[in-house]
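For reference, the chains in residue letters:
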Amino acid sequence: MSLTPVVQLEVTEDHIASESRALSHSWAQPRGVMGFLSEVDHKRIGLRFIITALVFFALGGVLAALMRIQLAVPENQFLGPDLYNQVFTMHGTTMMFLFAVPVFEGLAIYFIPLMVGARTIALPRLAAFGYWMFLAGGVFLYVSFFLNIGPDNGWFSYVPLAGPEFAPGKRSDTWAQLITFTEVASLVGAIVTIVTIFKYRRPGMTLDRMPMFAWAELVTSFMIIFAMPAVMLASTSLILDRLVGTHFFNQAQGGDPILYQHLFWFFGHPEVYLIFLPAQGLMSTLIQTFSSRPIVGYVALVTALVATAFMGFGLWVHHMFAAGLPEIGTSFFTAASMMIAIPSGVQIFCWIATIWSGKVRLEVPMLFALGYFVIFILGGMTGIMVASVPLDLQVHDTYFVVAHLHYVLIGGAVFPLFGALHYWFPKFTGRMPSHRLGLISFWLLFIGFNLTFFPMHQLGLNGMPRRVYTYLPGLGWETLNLAAAAGAALMALGALSIVINAIVSLRRGEMASRNPWNAATLEWSTSSPPPPHNFYPERVIGSRDPLWDDPPDQPIIEGIRSDRREVLVTRLLDAEPDHRYHSPEPNVWPFITAVFTTIMLIGSMYTPWAVVWGSIPPFITLIAWFWPRRTDINDESYPVEKARPQLNEATGPA
Amino acid sequence: MTTRVLDVSRLPSFAFGHRSILWWATMGMILIEGTAFGLLAVSYIYLKWRVPEWPPGFAPPDLVWGTVTTIIILASALPNELARRAAERLDVPRARLWIWVSVIFAIAFCVTRALEFTTLNVWWDSNAYGSIVWFLLGTHTAHVVTDILDTGVLSTMLLIAPIDANRMVDVAENASYYYFVIASWLPIYVLLYLAPRLV
Amino acid sequence: MLQSVLESAGIQAARVESEWWFIFRVTTVVTVIVLAGLAVAVRRGLRGRDTGASEQRMLRYIGIAGAITVVILFAILVRSIFTSRALASERVSDVMQIEVMAYQWWWSVEYQHPEPEQRVRTANELHIPVGKTVAIKLLASDVIHSFWVPSLAGKLDAIPGHEAVLWLRADRAGVYRGQCAEYCGFQHAHMAFVVIAEPPDDFERWIQAQRKTANQPQSPIEQRGLQLVQQRACVMCHTIRGTAAGGRIAPDLTHFATRSTIAAGTLPRTPEHVNAWISDPQAIKPGNRMPTIALAPEDRAAIVAYLEQLR
Amino acid sequence: MKRRLAIALLVLTAACERERRDFKLPNGDHLTAATQVSQLQPGAPSPPPVVESPFQDNAYALSEGKRLYSAFNCVGCHAQGGGAIGPALMDHRWIYGSRPDQIFSTIVQGRPNGMPSFAGKIPDQQVWQLVAYVQSMSGNVPKDAAPARNDDMQASKPELRREPKPPVQTGHR
Amino acid sequence: MSSSTSPHASFDPWLLAILFLGIIGAPLLWLIAEQTGYTLAYQACDARSTSWVIVPTVGVLAIVGLVTFVVFRGHRTASTGRLPLPLLGWLGVGMAVLMIVVMAASAIAPMMLSPCD
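Chains as they are written, first to last, in numbering that gives the first Met the number 0: chain C, 0 to 653; chain F, 0 to 198; chain V, 0 to 310; chain U, 0 to 172; chain E, 0 to 116.
Because the hints were derived from the structure by calculation, they are not lab data.
Fair warning: this is a prediction, and the values are worked out from it, not measured in the lab.
All clues given are correct.
So these bits of chain F aren't anywhere near chain C, every CB distance computed over 12 Å:
(1) Leu77
(2) Phe116
(3) Thr117
(4) Thr118
(5) Ser175
(6) Tyr178
(7) Ala182
(8) Val189
(9) Leu193
(10) Ala194
(11) Arg196
Okay, the calculated beta carbon distance ranges per label pair:
(12) Pro113/V x Ala13/U: 50 to 60 Å
(13) Leu4/U x Arg507/C: 37 to 47 Å
(14) Ala57/C x Arg310/V: 51 to 61 Å
(15) Val152/F x Arg2/U: 29 to 39 Å
(16) Ile62/E x Phe35/C: 51 to 61 Å
(17) Arg506/C x Val39/V: 36 to 46 Å
(18) Ile220/V x Gly56/F: 56 to 66 Å
(19) Gly56/F x Ile62/E: 40 to 50 Å
(20) His17/F x Ile68/C: 49 to 59 Å
(21) Arg507/C x Pro161/F: 49 to 59 Å
Quick list of in silico lysine to any residue cross-link-like pairs, SDA-like style, CA-CA up to 25 Å:
(22) Lys142/U x Phe145/C
(23) Lys120/U x Glu307/V
(24) Lys164/U x Ser69/U
(25) Lys211/V x Arg118/V
(26) Lys23/U x Thr469/C
(27) Lys156/U x Gly85/U
(28) Lys47/F x Thr235/C
(29) Lys23/U x Cys236/V
(30) Lys1/U x Phe145/C
(31) Lys47/F x Cys115/E
(32) Lys211/V x Gln96/V
(33) Lys156/U x Thr606/C
(34) Lys156/U x Asp90/U
(35) Lys358/C x Arg513/C
(36) Lys120/U x Gln308/V
(37) Lys131/V x Arg176/V
(38) Lys131/V x Glu162/V
(39) Lys131/V x Cys115/E
(40) Lys23/U x Glu51/U
C-beta atoms are modelled at their ideal positions from N, C-alpha and C, and glycine is treated no differently.
Please construct the entire structure, taking both the sequences and the accompanying hints into account.
Now the structure itself:
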């Protein structure tokens, strides 16, 4: 007789009410400063990730505006070379490490548990630790910047310019340590997302009933796990070369600057793919909801996601075509760089088919999705152009590449992100965002973006190299740079209008129902904003679009204890119930561990001994983090003999 | 009115092996550090392949302590496996015994590892060969030290903290991380000690 | 002064330009078709007439579109490999060798020759005979730079510890401007150079003149200038063959007056600019390696006069 | 709390000083060399003028000093600091004084047995950078500003890893 | 080996292995072929013959072809299996076929280019 029978039971209204109250009580978050610091509710951690990342996006935007002002006219004296180099490096580093990856991780931490029907995220304390490390890294970078120690060798910090001889002072070390902070945060986010998707899905949600955004985050998290170690090695060996005198990249003692480029770009290229893969998941979500029909070609879209992820690891040498590597070797990467357009193409065709055969409502998120099409396709085409070696040798490290990367990153990731923020605003705050303000911000961003970055293609072809703090008059670059500066102003207005929309709607937006957009995924089945325990009563999933296709009388899941934070762990492939698990209680030690780890990392920039002595406090706080407290003990199996009868179930292969 | 209910209350409150959350978290860490070791090995081979003579002008590290460490590491797999099996039988005294034995083994090969560092015949700042050798050995030693401390804390937990089934799951999953530390040492041993001599 | 990928004057750049126009046309057509498809889809979606369309039929269309994408990508790939092969065939071996060493923020140029005294050292300017292929050996003395003259050929990185060879051939006489394309520090923006393609006999005359040592100053102010150059800080970094100045970490000034620009292509070489450059180089290129020297105005005028006669 | 603020401020200003990169430094012989040639002086011996080397904790100037040390061929006689024809610069023994202004005058005036005079040949700003670098060769500059290794053959430990050697005025090699 | 905790039997491990051979195995084979091709490019130049690059690439292409055939058979049985087997089946076939296309593309260049350029 199976342990999880489906029975006919009397489920009265007050039973549901009392269970909800009990759940709200046991999942409540402690108040006060200690409560704030020992947060484990995935919705709060996710929201903090998103808001902090958006603040860094604004800072990065301001830096971009400074650059555009400096380049508006030839031989401008607005920023000197030293300050301009810091500004463009901070812009690149902020946008790539402090905005792009963390904002999608924030969305994952907030929405993956809601979309797979779980009460919380797996390993919540680890997610909290990840957020604190991300915040510490961002604050550390910007404090260094205002102390004139901001990195100034570009967001990929090539050796030997960033090496011991040509980067005096601590600027290059600041960049290397920031990489340590943000990679710890994103690795932690990746593990948390993978475990939640694999083990916390609600019974009935087999792998092929998972929402597309969950697939995108799963694939992105695996990419993070295999890509981040490469930049760990690159930044660690760079800082070792600078502080301890090792010779990884010293060509006179056996090292090689090209080794740094290989190590960095093995991470670098998957990094840009793990930025726009979650956005492809968002696109499927937005298009499905606003075409009011299930997505066409679910299997094709999942295959395309997995294909893009794997192929992303085989392209990195196309960043090094100008480094003089043998032609036959680089031809492999030309072929792969061109063939990766196939999965992206298939995705675009599936979305067009969904729009074609759906009932389209042109809400603001749908507009951002259509903006994605226009901009990302142009970015993809220039991508194919730079994949060909002879052409790349002409446009590599010029403004043509700057235009390409902004088309694929802003078009590919930021537009779907703004669409998703508008789409999920009711779920975050319980209030509807204003449609009119949304329209204004979309058109400001769309026109401003194209006015800024389309002229850059021509600038690149006219021979303007990348990362120049100024340029000589008389080369035909003046009007194009002026247009770009005007476009940047429009984009700034667009970003400002989004902030206004958020603030205004927070106070005066109309109240949002559970499912204002009539979407199909599970996060719209609970109240907005969701209660601490996310769902009650939880119904077994019956189809790929539960809110549209599930029969109303799906069995309710009962038996998960409501007197403590308990979650149902299910099997990977078919989400069959496996065992009940006591989710960790709120705990302040992850925050304190992050503080001591920050002190250790910053100290290690000044003396290698800081790593030895600095690692003792985090070790002690880790013990406190994992030490079982009274509330952490699993009373069903304490003392251990009580667990004996459950033993053969617990160890079966399942 | 009656509704259909999926009653999960009789499910166990813990699980071993790949059904437990901790196994997946450990697997995540193993994948990350495995990739890091893989890339370190590729960098080693990249630097080795650039120069005709490797190690360039230095004697390769002596085999003595490296081999002793490898033997102890392989031997330490035994107490670990016994600790894991005891944990999965919820046999606390035996688990406690074998986990302490594996801590002692780990401390032993930590000592031989320290001696190993003295026989490398090269400093980390003499040339790229020295740098990559110290980096490889240093990274693995960092994993060994963290694993000793981690297992040590777990062992003291088994002594003084209240023990429930989840602690037993911790002991079992700690073993799987330990196997990774052992498994990652073997290719490094081949690269550092045998590659300069054979190839 | 040409510096554009789309106005190619050399065989290498011409092949790449034709490849550019091919891919540009193909991708433009594809973009227009896909966006048109999207527009039609949105219009029909707004009216919601095809909500009944069968998934199988749509998947078949997606399959066909995917197949077409693969075919187009293969076509572009093969065309790109043809261009690579054609470019490779331009790499003939026994041609004139020019060694270009990239420094932080200027280019040293040395025309190779079996006998050492025939070798010509100059800076920031390359003269090449029209119609003849030239092999440029790229070296970097400090950080990574990238030698790129868009109108003649693609760029190639100069990486310390690596030797890279770039083949160039100018098919039309003219002045082609190039710039460093790999971020290399404060003055990456002002690290340009000029390639002057001239008929072979003009080139011969130029290279013969470059081989001579610096001509002796005639007028008293120029002699005063030579004396000052040898007394003050110029000797620590610059070389003027035939005088006591022998420093090798800055551009060779032996035939300074034959060059059309100063400060790595930043300013045209006129006495006023040279005077301004000597008086305060940091104002023109902040962060560059030339220090400001305390010089009386008349001394500076004498030095400028001397430099201007170094034909 | 005030003490901690003071320390924090101190650390911040040190960081700002280390990272300063100003290229437009006035150039003139404003710092007259103060080496005393004769020991005779009326009344009590006047205290030596305290002259601060302007660049000793500025990382950019120290790395420029290191670049000029090889560019102006100081390595020809002093090697990488171990000394050859010229005396060693990385040890604690100083012949003509270890104060910044004394090093300044050694470079500008030159010294017997082969040290050439660079007066008028090296602008003051670069001489002060060389002075700062010479101080760093014996570890007498803050560690976070001292230059790291060069991308060349490894001749000696990079300056930032050398232990400071308090200078001793020996008057001979 | 059905576990008593749930009424549904666990999945046939062999079928899963075949499907994951397609999903993960084929791309890994392509990455390995790309790496070897890139490293052997130097050897091809030294030995003045591109066969150093063509042979491994075509060899691995053949192996991926074999993998595709095996995965296709696995997909046929998986398409009628319990959820989510059909998805894994299609995923395996899709990935294997795409890897064939990418490897075919990678094989063109070494055949057209001469060893040392």
